[in-house]
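Peer 1: If you read the protein sequences in the order shown, they are chains C and X. Start counting the first sequence at 122; every next residue gets the next number (my numbering). Start counting the second sequence at 122; every next residue gets the next number (my numbering).
Simulated from the structure, these hints should not be mistaken for laboratory data. You may find that some hints are simply not true.
Since copy identity is lost for identical chains, a pair holds within one copy or between any two.
Unchecked claim - Listed next, the in silico SDA-like pairs over lysine to any residue satisfying Cα-Cα at most 20 Å (straight line):
{"no.": "1", "residue 1": "Lys507", "residue 2": "Arg432"}
{"no.": "2", "residue 1": "Lys371", "residue 2": "Asp356"}
{"no.": "3", "residue 1": "Lys371", "residue 2": "Glu406"}
{"no.": "4", "residue 1": "Lys371", "residue 2": "Ser407"}
{"no.": "5", "residue 1": "Lys507", "residue 2": "Trp437"}
{"no.": "6", "residue 1": "Lys389", "residue 2": "Gln299"}
{"no.": "7", "residue 1": "Lys389", "residue 2": "Val296"}
{"no.": "8", "residue 1": "Lys413", "residue 2": "Leu491"}
{"no.": "9", "residue 1": "Lys371", "residue 2": "Asp401"}
{"no.": "10", "residue 1": "Lys507", "residue 2": "Ala429"}
{"no.": "11", "residue 1": "Lys413", "residue 2": "Val575"}
{"no.": "12", "residue 1": "Lys371", "residue 2": "Arg405"}
{"no.": "13", "residue 1": "Lys507", "residue 2": "Trp435"}
{"no.": "14", "residue 1": "Lys371", "residue 2": "Asp213"}
Residues per chain, in single letters:
There are 2 protein chains.
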Amino acid sequence: MTTTRSEERLNETLRQVQALLERHRVLETMAHRQEGPKRELLESLAHRQNLAELGARLRAIHAADLAHILQSLPTEDRLLLFGQLQEAHAADVLVEVSPAVRDQLLAETPRERLREVLRRLDADDLAYVAEALSEGLRDDLYASLDEAKRDWMATQFAYPEDSVGHLMSRDVVSVREQRSVGETLDELRSRGELPPQTDAVYVVDQRNVFRGAVPLRVLIVREPSAGVSDLLQTDVVSFTPTDPARQAAKAFGRYDLVSAPVLDERGKLVGRLTVDAVLDFNRRESELEALKRAGLSGEEDLFAPVLASARNRWMWLGINLLTAFLASRVIGVFEDAIASLVALATLMPIVASIGGNTGNQTVALMIRGLALDQVTPANVRHLFAKELSVGALNGAVWGSVMGLAAFLLYSNVALGGVMAAAVLLNLMVAAVVGVTVPLLLQRTGRDPAQGSSVLLTFTTDGMGFLIFLGLARAFLP
Amino acid sequence: MTTTRSEERLNETLRQVQALLERHRVLETMAHRQEGPKRELLESLAHRQNLAELGARLRAIHAADLAHILQSLPTEDRLLLFGQLQEAHAADVLVEVSPAVRDQLLAETPRERLREVLRRLDADDLAYVAEALSEGLRDDLYASLDEAKRDWMATQFAYPEDSVGHLMSRDVVSVREQRSVGETLDELRSRGELPPQTDAVYVVDQRNVFRGAVPLRVLIVREPSAGVSDLLQTDVVSFTPTDPARQAAKAFGRYDLVSAPVLDERGKLVGRLTVDAVLDFNRRESELEALKRAGLSGEEDLFAPVLASARNRWMWLGINLLTAFLASRVIGVFEDAIASLVALATLMPIVASIGGNTGNQTVALMIRGLALDQVTPANVRHLFAKELSVGALNGAVWGSVMGLAAFLLYSNVALGGVMAAAVLLNLMVAAVVGVTVPLLLQRTGRDPAQGSSVLLTFTTDGMGFLIFLGLARAFLP
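Turn these sequences into a full structure, and let the hints guide you.
Peer 2: Have a look at this one:
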């Protein structure tokens, strides 16, 4: 029983596996130093003893933990370890490892063993792993499958990556209506163990049209003589295979679902979406979200080839260069002022930078507020007033500090005053733009996160230069 | 049965509720225009007819959907609608709404009704909602509770906010060992319906020490005569109340859990953590993550008071000002070069900006890679080489573009060359720093996300100015 915390236990297991691998390496090195028959003997001993111990140890580890261990090992050890796994276990591990490691394992495992390993997967997992296979391997695998698995794989590939159809499982427990609880239980018993994440039995008519669900937690406490149709919950959240996965994930969070039926357009039961798939989907989404904000398409792997990576970042770099160029044209207008007081060139990036920073804080709050539906037409005005006040307050405080610093550096009172006023004004600009940009993006049907920071930085840079240099030209001799 | 997509259905419901509210307002206005007895009659009609319809309509809506509807309505309608809800329904809605709306509803609902509403909540939800109550209201509520609920609330408040103890539920289904499957089912039947998200029965000894779990999906398919102890799964992931919630959430994703027992230090069963609580926790975490990257503590509400908001952002602004100031000192060193060619002041922000942008892309990829354990000592060198190559490639392309632009603007071939070289070099600096900063933060035990973008921007700004102005001084007449 694992009453210890799983993270600690995992690290302990990792250390033990590493120790076994270490011992294996030492024995191998010793064997290599010997010659002739003694070498062979030692080598086989090292292999037999040590690999047997390693294999026994590995058998006891959960596939998800093994996946984590594999990801934490250097490439060579990773392949050695994977090679020691029994085929069914290796199959489970393939489903659990990160995409980058999966690609490597698929590429480096001999084709014969790989076929044996993949044969152990059920249709859902097979479809999931098969996406990462090379064209040739996939065809090879396809040919070796029975018809049912092949059909299911084709079905899942037919739906776009972020759809319910792509995430659903075909492992569904369904019974006909007009059964009693006792008959249903008998039927389930004859099926053997139910699939994981089964929290309800789905009831269908003779045409496989979904009629409703009976939660196991209800079924289990009712008298065997009761009719299933009396327990039937018909107000069930269901999805179609073409529904966006993001919407389904929202519904799982909102209605506290464990699983939900997937129905085709005629109401027939075609699959089941489970909360473990939703958890994985959410994790992937929130990782991609962070990449999107940095202007990456999100599809780039950390180990992608150089040319693909470079191309992936071009568009965003181009946009950034264009906006930076436009903002710098503002400076171009004031080159005469800079020529007569070079200190302006030194100080102006500070005004721009602090505006961008403050604005990004406001943008982050707005994006969260929009996601939580906290921003309504009724309170936008209130938000503007609040952010403007915060900007003015912080601008007064930090503007004074920077004004003083500018005065001390250049012994120029007027320059200090211009600096203080510019910081104050640009923080207020940042507040207004920080509220406006995410709102505008959302109103025009866009993701408020994507691109908001370019638009913001463009404005705070341009306005920062304009305010600072404009004030300087007006008030400095 | 809801075979339609839940999002569409929700919007449709929202429209219907809004129409009802609209009609209610129109009738009220009409009534107000009348005088004397007719006015009273019309008013009561308007109220009776319309509010009855509204009430009936609301009763049929899931609490989570109502929460969404409330959040999308202006304040006045929100309170009217909440006032129409039956107490048990209102209680469920309070649990589901966003914190900002909950605070408002708690503050604006008359104390007498509020007490009645809160009485309908179970201990878990009560503890959750009570956090938002004012001191006075909380004491008032506390006094009105029975002892069991009061104890449980005290227990949950005793654990820190992001601990398993704070998130766990006390609604646990446990049976004694040495029962048969039939006896267990009888015992469950006598309990009535099992709590939601129950996927397993927990087996305890006479001292309430946890012995293992029997999944419902196993229990349901076994012969009644089988012994529970034969079905007992002892390899169960469990937590202690003081475990960090983040770790537990990771385990839920890794082992595909629906629920997990929470045990105290002596192994006694004290509660249960369920996947719906984990889903909520994950959502909140990923929202906070985005705020943290923008340098907010994450605890700021969109509607927080101005002074609190301003203070929340001071530290980060101060750090940003300091780094911007230090980077600008680099420019100070080259004031003579700028004085002799003012165009340098115009072009230098572009070099700094594109460096920061590229570096942030690398940082985002690195943070994701670290979170997924894709970055190992074995492949760091490979990563450096890859990011440097991408930087060099993009630097060559966009550096040429910007060099050409500089040449065309100022008809100065040398200036164009300096610009092109500076962009190229700063993109390579950005690549190195983008890989290094998250790695260093993690190696020193920090969150690689928090603060990485300040450190990066500081370096790319400072180095951008240094490279561009240094090259200019060396190669321009």
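Peer 1: Give a verdict on every hint.
Peer 2: Status of the hints after comparison with the structure:
no.: 1; hint: Lys507 - Arg432; in the structure: between (41 Å within a copy, 13 Å between copies)
no.: 2; hint: Lys371 - Asp356; in the structure: within (18 Å within a copy, 31 Å between copies)
no.: 3; hint: Lys371 - Glu406; in the structure: both (12 Å within a copy, 15 Å between copies)
no.: 4; hint: Lys371 - Ser407; in the structure: both (13 Å within a copy, 14 Å between copies)
no.: 5; hint: Lys507 - Trp437; in the structure: between (32 Å within a copy, 19 Å between copies)
no.: 6; hint: Lys389 - Gln299; in the structure: within (18 Å within a copy, 43 Å between copies)
no.: 7; hint: Lys389 - Val296; in the structure: within (13 Å within a copy, 38 Å between copies)
no.: 8; hint: Lys413 - Leu491; in the structure: both (17 Å within a copy, 17 Å between copies)
no.: 9; hint: Lys371 - Asp401; in the structure: both (13 Å within a copy, 10 Å between copies)
no.: 10; hint: Lys507 - Ala429; in the structure: between (44 Å within a copy, 11 Å between copies)
no.: 11; hint: Lys413 - Val575; in the structure: both (12 Å within a copy, 19 Å between copies)
no.: 12; hint: Lys371 - Arg405; in the structure: both (14 Å within a copy, 13 Å between copies)
no.: 13; hint: Lys507 - Trp435; in the structure: between (37 Å within a copy, 16 Å between copies)
no.: 14; hint: Lys371 - Asp213; in the structure: between (28 Å within a copy, 18 Å between copies)
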